[in-house]
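Undergrad: If you read the protein sequences in the order shown, they are chains A and B.
For what it's worth, our numbering labels the leading residue of the first sequence as 45, then goes sequentially.
For what it's worth, our numbering labels the leading residue of the second sequence as 167, then goes sequentially.
Just so you know, these hints were derived from the structure itself, not from any lab.
Just so you know, not all the hints are guaranteed correct.
As the list claims (entries may be wrong) - Here are the simulated DSS-like cross-link-like pairs (lysine-lysine), alpha carbons at most 27 Å apart as the crow flies:
{"no.": "1", "chain 1": "A", "residue 1": "K277", "chain 2": "B", "residue 2": "K445"}
{"no.": "2", "chain 1": "A", "residue 1": "K247", "chain 2": "B", "residue 2": "K267"}
{"no.": "3", "chain 1": "B", "residue 1": "K568", "chain 2": "A", "residue 2": "K273"}
{"no.": "4", "chain 1": "B", "residue 1": "K390", "chain 2": "A", "residue 2": "K247"}
{"no.": "5", "chain 1": "A", "residue 1": "K247", "chain 2": "B", "residue 2": "K522"}
Predicted model only: the values in this text are computed from it and were never measured.
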Amino acid sequence: QFVIVRVREGGERIPLTITDYDRETGLLTIVVQEVGATTRRLGELGEGDEILDMVGPLGEAPEIPSGGHIVGVGGGYGSAALLCLMRELRDRGEKTTIIIGAREKDLLILADELAELTDNLEICTDDGSAGFKGFVTERLQQMIDGGPPGYPDFVISIGPMPMMRAVEKTTRAANVACTASLDPLMIDGTGMCGGCRVTVGGKTRFACVDGPFFDAHEVDFDEAVARSKMYVKEEQIAAECQRAAHREEAA
Amino acid sequence: MPVKRAEKTPMPVRDPNVRAHDFKEVNEGYCFAHAMFEAERCLRCQDPVCVEGCPVRVPIAEFMHAVAVNDLPKAAELLRSANPLAAICGRVCPQEAQCEKNCHMTTRFGPVAIGHLERYVSDWEMSQPQSDEVKEPWRKEKIAVIGSGPSGLVCAGELARMGYPVTVYEALHAPGGVLRYGIPEFRLPNTILDWEIKQLERLGVTFVNNVIIGKTLTMDELFKEYGYAAVFIGTGAGLPKFMNIPGESLNGVYSANEFLTRINLMQAFEFPRAETPLKVGKRVAVIGSGNTAMDAVRSAMRLGAEQAMVVYRRSENEMTARIEEYEHAIEEGVEFHWLTNPVEVLGEDGWVTGLKCVKMKLGEPDESGRARPIPIEGSEFIFPVDNVVLAIGTRPNPLLVKSTPGLKTHSWGGLLVDEREVETTVHRVYAGGDAVTGAATVILAAGAGKRAAEAIHHDIEAEAA
């Protein structure tokens with residue numbers, strides 16, 4: 045599940061996945077990777093600072109079948125989105141494995157927290173600076189091929205689009221069920237704009253209200269990738285404006 | 167009396183060549199002389215049939231008389247007693263299909279400009295100084311209103327007037343619903359909406375943004391934890407319809423809701439100062455013929471489109487937009503392609519390059535009573551375009567229904583209501599506006615909000631007795 049955040053007046057509304065929550069204290073934990081204007085602005089906030097607007101929780105929790113070996117795959121900041129889910133699975137008493145991957149050791153997040161939620165935490169880095177050297181899909185393939193900790197019966201895939209696409213490919217070849225958490229562009233998050241539409245099984249679905257989890261084997265990833273690049277140029281303009289504003293501030 | 171035979175006083179408008187490039191209001195409003203002259207055209211019919219055409223039953227004859235004798239405080243009071251959103255309705259109501267349609271002057275000289283005068287009086291009212299005093303509710307039964315569009319605003323206002331403490335919950339970060347995200351500044355400036363909302367706050371209504379009932383809070387929690395005595399659902403019809411034709415998910419294809427939300431709510435026309443972007447190319451095709459289509463196509467023009475066109479599968483006669491919007495669109499240079507049905511959005515490298523259409527002819531009337539459009543075989547052709555905007559209608563949002571046990575809907579998503587047309591299938595939960603009827607007009611929603619407020623009051627009184 046996720047929330048929609050608007051940092052300041054004139055700012056964008058962006059969806060952010062809920063990493064953790066505490067009903068008692070009302071604390072909501074969100075992990076953000078600084079990729080665009082709004083996430084960079086979030087990164088500039090310090091302790092005690094305020095966010096202008098937040099609304100949620102939005103989206104539906106995924107349906108994960110009980111029994112069998114459930115493997116959660118998290119790439120980059122996708123690991124953060126696995127936390128809540130994997131805790132729920134642990135509480136349900138499921139047999140789980142978590143595979144998280146990053147380019148290098150320093151970019152891995154929440155490894156300690158995730159380790160507490162499963163008997164098998166598998167770490168992959170592209171450069172081999174920690175754990176398995178290679179992609180998460182290669183580690184997943186080893187398991188499919190009979191390697192420890194065993195054949196996956198259900199895979200949850202959360203991460204950057206190329207990773208989710210690769211995980212889908214790997215699991216499809218082995219006929220393993222896979223759900224992917226899509227994060228297309230969104231505005232309102234309530235089904236009103238249709239900007240987050242994805243084609244799943246030939247049908248138009250809205251990630252905000254029908255998702256964000258969809259059967260990965262049914263998702264039109266080509267289209268989803270193309271749509272995610274719609275505003276690349278505008279992102280660059282926004283970044284340039286931010287840099288200019290910072291220079292002005294510094295001067 | 168020669169004055170009464172004069173034709174309808176035209177609304178002063180800004181030069182089309184200028185206004186088509188900015189988002190400032192198109193209509194400038196009557197001046198004092200216009201208003202006096204126009205109010206004098208009213209025949210003061212013994213049986214004012216105009217009122218029958220008004221969903222909120224504004225006492226039109228009385229308010230016309232008040233304007234004619236230059237008693238604007240009285241005119242404003244009369245107007246507001248019946249229509250809490252007068253400044254908005256004076257701008258966006260389809261008067262030609264309601265009050266003005268019934269006017270006895272219509273056939274020979276053109277109707278009395280009831281809408282323009284409604285706007286005149288509201289604008290006068292807005293120019294008057296007001297105190298910041300907020301009324302305290304005097305009744306103990308708390309009411310929750312879900313959604314701050316026209317039906318919710320009117321329901322909240324009416325209940326507050328009766329003394330109830332009312333809280334309006336809005337999912338977005340600013341109140342107003344479709345009045346905020348849908349209708350552009352050039353037709354309904356946000357300052358007008360802000361003023362109307364301020365009036366409701368002065369009546370004691372509380373607005374809470376960023377709360378989605380059904381997600382942030384459930385219906386059950388509203389009753390059990392928050393202790394509301396009744397809930398009004400005014401969640402509108404916000405879900406955009408798509409055509410399900412190939413190419414609809416190409417980059418550059420927008421639902422009108424997304425297109426207009428980026429502009430109106432997120433102020434994309436100020437990008438990069440406002441951080442939400444919108445891509446408008448040189449050639450934009452808008453599909454549909456309602457007010458939303460007009461708003462989208464005229465917005466596209468204002469954002470730099472050199473060729474902005476409306477593509478509609480029926481003919482001009484079946485067009486559903488207000489006549490004024492249509493005329494303004496033509497003046498601004500919008501192209502209209504009637505009897506033209508899109509069959510495919512064409513693209514290259516993931517981006518829109520064209521819209522493939524087929525020519526249509528009209529056949530026998532269909533279930534909607536309008537002539538059914540039939541494709542003409544072999545008439546396919548292509549419009550080269552950079553954007554396609556779909557304005558082919560919306561349906562009610564299922565979000566609240568999904569999370570509220572017992573809340574029943576028609577198969578198309580509209581909420582089921584009782585014979586009074588206000589109470590839903592859940593006790594003490596009322597509904598009105600597009601959430602019940604499917605996409606309709608501001609004033610019909612306002613009328614429903616008013617009816618629901620009366621029913622809520624009636625039911626609470628009956629229970630107490």
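Undergrad: None of the hints should be skipped; say for each whether it holds.
TA: Evaluated hints:
1. A:K277 - B:K445: holds (10 Å)
2. A:K247 - B:K267: violated (43 Å)
3. B:K568 - A:K273: With Cα atoms ~32 Å apart, K568 of chain B and K273 of chain A exceed 27 Å; violated.
4. B:K390 - A:K247: violated (39 Å)
5. A:K247 - B:K522: holds (21 Å)
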